[in-house]
Amino acid sequence: MFPNGYPAIPRSLCFSTLTVFCPPDSAFFSSKYPQPPLTLLQYHVVPLKLDIGALASLPHGSKIDTLLLGHPLVVTTLQKDEDASLNGVIVTEWNLYNEGGLIIHGVDNFFDPAFQTLIYPWFDVKNNIHAEVVSGFSWVIRELKDNWSLLFALALMVVIVLGLLGRYVYCCKDNKDEYERMQQQEEAVDHVLDVKAVYV
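In this text, residue positions in the sequence shown follow UniProt numbering: the first is 1, and each later residue adds one.
All clues given are correct.
Cross-link-like lysine-lysine pairs, in silico, DSSO-like; alpha carbons within 30 Å at most:
id	residue 1	residue 2
1	K80	K49
2	K49	K63
3	K63	K80
4	K63	K32
Between beta-carbon pairs, the in silico distance windows are:
id	residue 1	residue 2	range
5	Q35	V159	56 to 64 Å
6	L156	L69	40 to 48 Å
7	E82	D112	21 to 29 Å
8	Q79	E99	28 to 36 Å
9	L156	L48	54 to 62 Å
10	G163	Q183	26 to 34 Å
11	G100	S57	13 to 21 Å
12	K63	V161	44 to 52 Å
I should point out that these hints are in silico values taken from the structure, not numbers from a laboratory.
From the three backbone atoms N, C-alpha and C, an ideal C-beta is built for every residue, glycine too.
Sequences and hints are given; from them, build the entire structure.
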C-alpha cells in the first residue's frame, strides 16, 4: 500500500501490459458516479494487452478479467456492429495512449459491474459459489431421502440429545436453587450466632 492509502499494483502485474478503459470527463460529473469508488476504477483495468485486433478476435459473450477480482467485462459486440462494445458500453477511441506496457482506450461511459450478474449470471463468481453450496446441500438431502433409516436415526439422536440437555439444565437449576437455599440457611445461622456473641 502506498503512503497515501492507495493500494499498490501487485508485483505480478508490474511487468505485464495493462489496458485501461477511460470514460469521458462528463461521466465523472453524472449523478450516478460523482466520485467513483476504487472498485469501480479497478473494473476499468484489464491486466493484459487488449488492442483493437485482440478485442475484434473475441466472440460475443466472451469474458475479460479485470483488476476487480471476480467481475469480468463481457464482450457485447455483435457481428453487425461497427463499434466494439464491452458490457454494452461502446469503445469510442482506440489507443489514446499506447507505450507497450500501458494502453488506454476511450469508452462512452462507466462500465456497470451489475451488468454481468444480470445479463450473464454464469460469469458471476458469487453465483458460482451459491450454485456449489446448493448442489452440495441437495446431495445431502438426496442421500437422506434415499436412506430413511439414517434420517430416522439422526432425528432420534437429535431428540435424545435435546432431552438430555433439557434434563441437565433442569437439574442444574434445581441444584442452583438448593445451593442458594443452603447459603441462605448458613447466613441465617451465622447471623444468629453473631447476635448471640454480642449478648454473651
